[in-house]
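Visitor: In case you want the letters, here they are:
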Amino acid sequence: MKTHKKVKITLQNVTKIFGKNAERVVALDGVNLEIYDNKFTTIVGPSGCGKSTLLYLLAGFEKPTSGGILKDGKLIENPGPDRGFVFQDFALFPWRTVLGNVMFGLISNGYDKKQAKKIAMDYINLANLNGFEHAYPHTLSGGMKQRVSIARALAYDPEVLLMDEPFGSLDAQTRKYMQEELVKIWEKFHKTVVFVTHSVIEAVYLSDIIVVMSARPGKVKAVFDVKIPRPRNYTGEQYLKVRKEVLDYLEEEVQKEIEMNNT
Amino acid sequence: MGNGEDLKSLQAKNKVSEIGQFIAPFLVFGLFWEIMVRSGIANVQTLPAPSMILHELYVLIGKKGVLQCHIYHSFYRLALGYVLAVVAGITIGTVLALQKDLRDMFSPVLSLLISVPTIAWIPVLLITMGLGDKTVITAVFLGGVFEITYSTIAGIRSVHQQQINAARIMGVRGLGLFFKVLLPGSLVSIMPALRLSIGYCWRALVGGEMLSAMIKWGVGKMIYDARFWNDVKVMLVGLIVIAFFGVLLDRIMLKRLEHETVEKWGMLVER
Amino acid sequence: MTGKGYILPLVPIGGFFLCWQLFAHFGFINIALFPAPTRIFTELSALFHQEIAGHSVLLTHLIVTLKRLFVAATEGVIIGILVGALMGLSQKVYRFFDPVITWVMPIPGIAMAPLFIVWMGFGDPTIITVGAIATFFPIAYNTSTGIRSVDNQLVRAAQIMGANKARVLTQVYLPWAAVYIFTGIKLGLARCWRTVIAVEFIAAANWGLGYMIWDAAEYLSAGVVYGGIILLAAIFTFIEKGLISPFEKMTIEKWGMVRI
Numbered sequence: 223m224k225t226h227k228k229v230k231i232t233l234q235n236v237t238k239i240f241g242k243n244a245e246r247v248v249a250l251d252g253v254n255l256e257i258y259d260n261k262f263t264t265i266v267g268p269s270g271c272g273k274s275t276l277l278y279l280l281a282g283f284e285k286p287t288s289g290g291i292l293k294d295g296k297l298i299e300n301p302g303p304d305r306g307f308v309f310q311d312f313a314l315f316p317w318r319t320v321l322g323n324v325m326f327g328l329i330s331n332g333y334d335k336k337q338a339k340k341i342a343m344d345y346i347n348l349a350n351l352n353g354f355e356h357a358y359p360h361t362l363s364g365g366m367k368q369r370v371s372i373a374r375a376l377a378y379d380p381e382v383l384l385m386d387e388p389f390g391s392l393d394a395q396t397r398k399y400m401q402e403e404l405v406k407i408w409e410k411f412h413k414t415v416v417f418v419t420h421s422v423i424e425a426v427y428l429s430d431i432i433v434v435m436s437a438r439p440g441k442v443k444a445v446f447d448v449k450i451p452r453p454r455n456y457t458g459e460q461y462l463k464v465r466k467e468v469l470d471y472l473e474e475e476v477q478k479e480i481e482m483n484n485t
Numbered sequence: 002m003g004n005g006e007d008l009k010s011l012q013a014k015n016k017v018s019e020i021g022q023f024i025a026p027f028l029v030f031g032l033f034w035e036i037m038v039r040s041g042i043a044n045v046q047t048l049p050a051p052s053m054i055l056h057e058l059y060v061l062i063g064k065k066g067v068l069q070c071h072i073y074h075s076f077y078r079l080a081l082g083y084v085l086a087v088v089a090g091i092t093i094g095t096v097l098a099l100q101k102d103l104r105d106m107f108s109p110v111l112s113l114l115i116s117v118p119t120i121a122w123i124p125v126l127l128i129t130m131g132l133g134d135k136t137v138i139t140a141v142f143l144g145g146v147f148e149i150t151y152s153t154i155a156g157i158r159s160v161h162q163q164q165i166n167a168a169r170i171m172g173v174r175g176l177g178l179f180f181k182v183l184l185p186g187s188l189v190s191i192m193p194a195l196r197l198s199i200g201y202c203w204r205a206l207v208g209g210e211m212l213s214a215m216i217k218w219g220v221g222k223m224i225y226d227a228r229f230w231n232d233v234k235v236m237l238v239g240l241i242v243i244a245f246f247g248v249l250l251d252r253i254m255l256k257r258l259e260h261e262t263v264e265k266w267g268m269l270v271e272r
Numbered sequence: 011m012t013g014k015g016y017i018l019p020l021v022p023i024g025g026f027f028l029c030w031q032l033f034a035h036f037g038f039i040n041i042a043l044f045p046a047p048t049r050i051f052t053e054l055s056a057l058f059h060q061e062i063a064g065h066s067v068l069l070t071h072l073i074v075t076l077k078r079l080f081v082a083a084t085e086g087v088i089i090g091i092l093v094g095a096l097m098g099l100s101q102k103v104y105r106f107f108d109p110v111i112t113w114v115m116p117i118p119g120i121a122m123a124p125l126f127i128v129w130m131g132f133g134d135p136t137i138i139t140v141g142a143i144a145t146f147f148p149i150a151y152n153t154s155t156g157i158r159s160v161d162n163q164l165v166r167a168a169q170i171m172g173a174n175k176a177r178v179l180t181q182v183y184l185p186w187a188a189v190y191i192f193t194g195i196k197l198g199l200a201r202c203w204r205t206v207i208a209v210e211f212i213a214a215a216n217w218g219l220g221y222m223i224w225d226a227a228e229y230l231s232a233g234v235v236y237g238g239i240i241l242l243a244a245i246f247t248f249i250e251k252g253l254i255s256p257f258e259k260m261t262i263e264k265w266g267m268v269r270i
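Chains as they are written, first to last, in the numbering used here: chain F, 223 to 485; chain A, 2 to 272; chain B, 11 to 270.
It is worth saying that the hints were derived from the structure and are not from the lab.
Glycine included, every Cβ here is placed at the ideal spot set by N, Cα and C.
Misleading hints may appear alongside valid ones.
As the list claims (entries may be wrong) - With beta-carbon atoms standing in for the labels, derived distance ranges:
(1) F:Lys285 with A:Ala167: 56 to 66 Å
(2) A:Tyr73 with B:Asn40: 29 to 39 Å
(3) B:Thr180 with F:Phe411: 30 to 40 Å
(4) A:Leu249 with B:Ile39: 35 to 45 Å
(5) A:Lys16 with F:Asp393: 42 to 52 Å
(6) A:Ile36 with F:Thr232: 56 to 66 Å
(7) A:Tyr59 with B:Val21: 52 to 62 Å
(8) A:Lys181 with B:Pro135: 51 to 61 Å
(9) B:Leu197 with F:Gln477: 53 to 63 Å
(10) A:Lys16 with B:Pro135: 42 to 52 Å
(11) F:Thr361 with B:His59: 52 to 62 Å
(12) B:Gly37 with A:Gly172: 51 to 61 Å
(13) A:Tyr73 with B:Gly37: 41 to 51 Å
(14) B:Lys251 with A:Tyr73: 35 to 45 Å
Unchecked claim - To give a feel for the contact side, a few chain A residues facing chain B, derived at Cβ under 7 Å:
(15) Thr47
(16) Val110
(17) Ala121
(18) Pro124
(19) Val125
(20) Thr129
(21) Val207
(22) Gly208
(23) Ile224
(24) Asn231
(25) Leu240
(26) Ile243
(27) Gly247
For reference, chain F alone in the conformation it holds in the complex (with noise of 0.2 Å):
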């Protein structure tokens, strides 16, 4: 069946410059990029290649310094409730409970508090987290909280859901919890999901797409489609053909990167 890829979220010769005269870093140059409606997309690159600084400005933390990104034909700018954000510390309210941060969105958006409750209870459930809905953040896991995060931004139901290194904070087992979590609740509502990691393997078990960044300053460097169906195999055959084919591009540029840094 020939699914027809519908354009979500277009990046044009997006440029981004941090600092002046003798400090600036050039941290994006000139991507162009598509990220497509319905689907998994994930970002890898070696360190410093910019894929967090290109998810924030896909949030509107930043601005670009030159070029746009046009959200269904809109720039977008600024940070708003038609897209939501996973942060890899969590950033939980820590004087909310679960609830409490899980409501916020709903809240923030108009809904009265019995509304948000019961769509925040429905979120918490998703999230295997009954039971720990009145529970402050400080007394729960790393796993925990980040699902916690995943339930909040999901709740107030954002076209886009951004994620940027979600799971590099949590240990190996917990990881890969997560990753087959995610995968769960993807399938339910199949998000636009755009997702930073530096984890290959990580990228291959999630995503549609896989978008290779090069060393900074960050280009899009390869695109790969991923037409694995879910949920993967992490010792598949095919999973490990794409992993492997994935690695080889990344490896050039992280070696790069690293030669960048001995100068």
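Model the placement of chains A and B on the given structure of chain F, informed by the hints.
Guide: Chains A and B only, in chain F's frame:
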């Protein structure tokens, strides 16, 4: 290559700009103040102009040579009281840190004593020690001693038993153990207290001087006396001197010490 | 705390007062300077029972001081938090006030008192104003530090979830800064307390605990002096343990945000 020089001159420019920005509010405020007084809007008696205050400062230092004398006396009392507080505080603190029973007995007393404002002790001191130098020095002492004792206890108790054991195996005992292991190890806790205490002591000094009628010299006394002539200029000069030394003591003196010891040893946790 | 824990601290205190009583009784110490504890108690009671205009003298002193404390603390807290918040949010405001805080905060309130006596005379206006100023500084400083230290990720998280500027302010900045504000208030109240008593020594017009103690010292009524200090210690301990700590437990400690 031009880049190196560019960077240096850029940094220099930044520094000047920084200092300029720091002073600017003062200059603006000072100018505004000056104009208010000169134009007669503000009463010159109650609020003398900055230029008058500076003039007074010059007079007190140069012509009358009086300010130095006040400062000297204040500092001599501060130094004496502070040193006594440090010695007593560390000694008592060490004893209490090492003897659990004594500590259990006296800890609550210590907490109670810390909570009494130093200034409240002064009337007692005035009755029992008179209205002179001794009272002020004792006030300074009391200002710092409780804090130092408290943090010495915490500091010494925080020294890992392993470090003590290591030293003991190498044959270090008694007083040697104290100076070579316990004291350095507890400096992390004691240093902030020493810094805090100099501030407390300075404030106790000023308070003590203001309330001790029989002393002749001292920054606090200078301000207090000025009231009898309603001399706002002298008061403001006094306040400036107090602020100046208050900040100086905290920033420079002990920051250096902290840097040389605890920071160098990598023991300071960046908060 | 076990039973032993309660008894042990009482030993030095009790022993101290016992020795004092005995020494006074047997004339080992000058009872004009160190009246026996029983004498202290008697003198305090006398003040308590002594009446003026139908009210107990001791209680009047106490209430006058408490009133001053309350007003000064309230003014200091409110203005402190406002200024601190403005400082935290605006770099311009911060640059203006920071040097003021750096240079004026270290000045003890009592040193400012003569100046204010010239400007405002003796009594309440001076005492309350100087008290408020002393309270203001640590609160403004801590509040501004708190707001400036807000974790930016939390701000971003709120923004992308659709919170408008006002909501970000009240739902992110404020709770985050709360820890710092608490510390500031603790410090501010301690300063308020010390400053009010100290200024009462020289600027009170006949009433107030500070005045009571000072007056007693001038007339060498040692009993009242000691009694006054004991009273001060008791009141302060009560305020610390009875009011501030429980409040902290209800908020900061629950959120796991206690700063050591």
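Visitor: Please flag the earlier hints that this structure goes against, numbers listed from lowest up.
Guide: none
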